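J.: Those protein sequences? They're chains A and B, same order as listed. For what it's worth, the numbering used here labels the leading residue of the first sequence as 1, then goes sequentially. For what it's worth, the numbering used here labels the leading residue of the second sequence as 1, then goes sequentially.
Check the hints yourself; a few may be wrong.
Just so you know, same-sequence chains aren't split out, so a pair can sit in one copy or run between any two.
[Unchecked claim] Within a straight-line C-alpha distance of at most 20 Å, the following computed PhoX-like cross-link-like pairs (lysine-lysine) qualify:
{"no.": "1", "residue 1": "K82", "residue 2": "K58"}
{"no.": "2", "residue 1": "K17", "residue 2": "K130"}
{"no.": "3", "residue 1": "K53", "residue 2": "K82"}
{"no.": "4", "residue 1": "K58", "residue 2": "K72"}
{"no.": "5", "residue 1": "K259", "residue 2": "K132"}
{"no.": "6", "residue 1": "K82", "residue 2": "K72"}
{"no.": "7", "residue 1": "K136", "residue 2": "K72"}
{"no.": "8", "residue 1": "K14", "residue 2": "K132"}
{"no.": "9", "residue 1": "K165", "residue 2": "K244"}
{"no.": "10", "residue 1": "K17", "residue 2": "K201"}
{"no.": "11", "residue 1": "K244", "residue 2": "K115"}
{"no.": "12", "residue 1": "K39", "residue 2": "K132"}
{"no.": "13", "residue 1": "K58", "residue 2": "K17"}
Hints were generated in silico from the structure; no laboratory data involved. Since the structure is predicted, the reported quantities are computational estimates derived from the model, not experimental observations.
Here is how the chains run, residue by residue.
2 protein chains.
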Amino acid sequence: MDGEAQQISLLDGKEDKFDGVVVNLMEVVSMTVDDFDAKLDFSLRTWKGQGKKGIWIKLPRELSSLVDTAIKKGFTYHHAEKEYVMLTSWLREPPSTLPAYASHRIGIAAFVLNKNGEMLVVQENSGYLKDKDAWKVPTGTIKEGESIWAGAIREVKEETHIDTKFVEVLAFKESHQAVWQRKTDIFFVCELEASTFEIKKQDSEIFAAKWMLVEEYVNQPVHAEEGNEMFMLIANILLKRFQKEHMGFQNVHTTKSLKESLYSSVDHSAKHLSETCDETSTSTCLSKLSS
Amino acid sequence: MDGEAQQISLLDGKEDKFDGVVVNLMEVVSMTVDDFDAKLDFSLRTWKGQGKKGIWIKLPRELSSLVDTAIKKGFTYHHAEKEYVMLTSWLREPPSTLPAYASHRIGIAAFVLNKNGEMLVVQENSGYLKDKDAWKVPTGTIKEGESIWAGAIREVKEETHIDTKFVEVLAFKESHQAVWQRKTDIFFVCELEASTFEIKKQDSEIFAAKWMLVEEYVNQPVHAEEGNEMFMLIANILLKRFQKEHMGFQNVHTTKSLKESLYSSVDHSAKHLSETCDETSTSTCLSKLSS
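Generate coordinates for the entire structure from the input sequences, incorporating the hints supplied.
T.: Set out below in structure tokens:
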């Protein structure tokens, strides 16, 4: 055994297209602090010599003993998810151009209309409106990777068991520091069309649920209380919409990918585009679109 | 010195309104691993006995040596920012009801029109369109805590030195896994009105910038290429808007808070609301609004 001349190897990293190196240790079952310390030292010297910029180290929860070593060598936290922490080090002069992680949370409020022209309303077991005998529309938070339209349909189903079809986004509200001090919430008011009628409320979050006339909902005293302008603005949008005086943003998907969709008030069908625009000239295609 | 009967104290935590405890160690200058280990053990037993649900521990970068201890006692990462990591433990039966952290990134694309009816376009030093001799609108990422309208104005100023006034949001695009695998980007297409004319491009990101006729922009061959449907859909929205056939979402602020604003196509002035609705009945107020 040649213990003295043991060779220190580089951490196993992949180069990215921004002159950076990504070290992903998610599949590594174990590594001692000493081993990591020596490899990281050697790697940082090597990468610096190669002119690398940003270094990323993804450490699984199982290797939490290595976090301290990386921090002591100048790494900072970039973000963390349940089962890992991502650490970064910028080897050049600041400012770092490493991309930021998520900065926003997305919520929805659902304006669900049935065939009688009534809207779906609920009272929650907790929250601001709890003791005011006021009715609100179903609301909720979009899950990671979930689309806005899909999240609105899911929340209505979960809270009231009503099946719906997404119609459009009527408005959105931007609120800074609403839940997390550094983050911003964007709350999309969605119109949905009910395809079932019988309400079965979810018990853990929902105290009561029913169908209500739109005018009755809008005219609730709570909407006129001081400090509740935002409630009133949104109630006004629902009323205008019910009176067909408001236009929102419908969504279109491209044929390319289910990962993308576009919301706007322009009536252009993505299907139409992909079927006709490939075989014709740009100007013909656009003149069709704008006709 | 009574070394043997040293008393173990609880970690200094605040109760939250969800039967949880928040331990914020950001102001703690130093704590040994052994000290933290003993206190955390004692605290967890105590909190469990008290029926507490979610435990939060906020550890500054300087106390990274304690991360491993918390993880070994069953904590998971909740999120991290540059200078701290937030760890959580759910003491009850799953599922945990701890709120999720940010899930989305927000970007903007700026449709900037000058008084001659021309739009502002750029070519970037890198990116998809780089080698295609194509012109694009200025784009960028909203910073933490920044409003959409403010981010659009800032990006245009940074890239081209043009001063603008926000007009409205024309559309938005939702893209899953665009940058981060678990996250979603929402990209707001904003119309802005230029109040200056002379372009001074920023050199690090921008290769060229100029004013261009809207039709010329829309009719670029790149918009008709296969796989570029999203470009064409957005170009179509800009064209429709230029032809005054499209309506977007304007923003209104409430008087209550600069932290909130609402975007919709309904023409209701928040100023009007706050001035008149406080002194009159709900129905009068709403009838004014909907008149």
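J.: Please sort K82 with K72 into within, between, both or neither, judging by C-alpha distance up to 20 Å.
T.: between (23 Å within a copy, 14 Å between copies)
J.: For K165 and K244, with the copy left unspecified, which applies at a CA distance of at most 20 Å: within, between, both, or neither?
T.: within (18 Å within a copy, 30 Å between copies)
J.: Indicate which option fits the pair K58, K72 if close means a Cα-Cα distance not exceeding 20 Å: within, between, both or neither.
T.: For K58 and K72, the Cα distance is within 20 Å both inside one copy (16 Å) and across copies (18 Å).
J.: Between K136 and K72, at a C-alpha cutoff of 20 Å, which is it: within one copy, between copies, both, or neither?
T.: neither (50 Å within a copy, 43 Å between copies)
J.: Is the C-alpha distance from K53 to K82 at most 20 Å within one copy, between copies, in both cases, or in neither?
T.: between (27 Å within a copy, 17 Å between copies)
J.: How would you classify K17 and K130 at a CA-CA limit of 20 Å: within, between, both, or neither?
T.: between (52 Å within a copy, 15 Å between copies)
J.: Could you figure out if K39 and K132 sit no more than 20 Å apart (CA to CA) within one copy, between two copies, both or neither?
T.: neither (62 Å within a copy, 42 Å between copies)
J.: Between K17 and K201, at a C-alpha cutoff of 20 Å, which is it: within one copy, between copies, both, or neither?
T.: neither (51 Å within a copy, 25 Å between copies)
J.: Between the shortest in-copy and the shortest cross-copy C-alpha distance, which are at most 20 Å for K244 and K115: within, between, both, or neither?
T.: within (15 Å within a copy, 34 Å between copies)
J.: How would you label the pair K82, K58 (within, between, both, or neither) given a Cα cut-off of 20 Å?
T.: both (12 Å within a copy, 15 Å between copies)
J.: Classify it for me, K259 with K132: is the Cα-Cα distance of at most 20 Å met within a copy, between copies, both or neither?
T.: neither (41 Å within a copy, 24 Å between copies)
J.: For K14 vs K132, is the C-alpha pair at or below 20 Å within one copy, between two copies, both, or neither?
T.: For K14 and K132, the Cα distance exceeds 20 Å both inside one copy (57 Å) and across copies (28 Å).
Checked against the numbered hints given earlier, this structure breaks hints 5, 7, 8, 10, 12; the rest are met.
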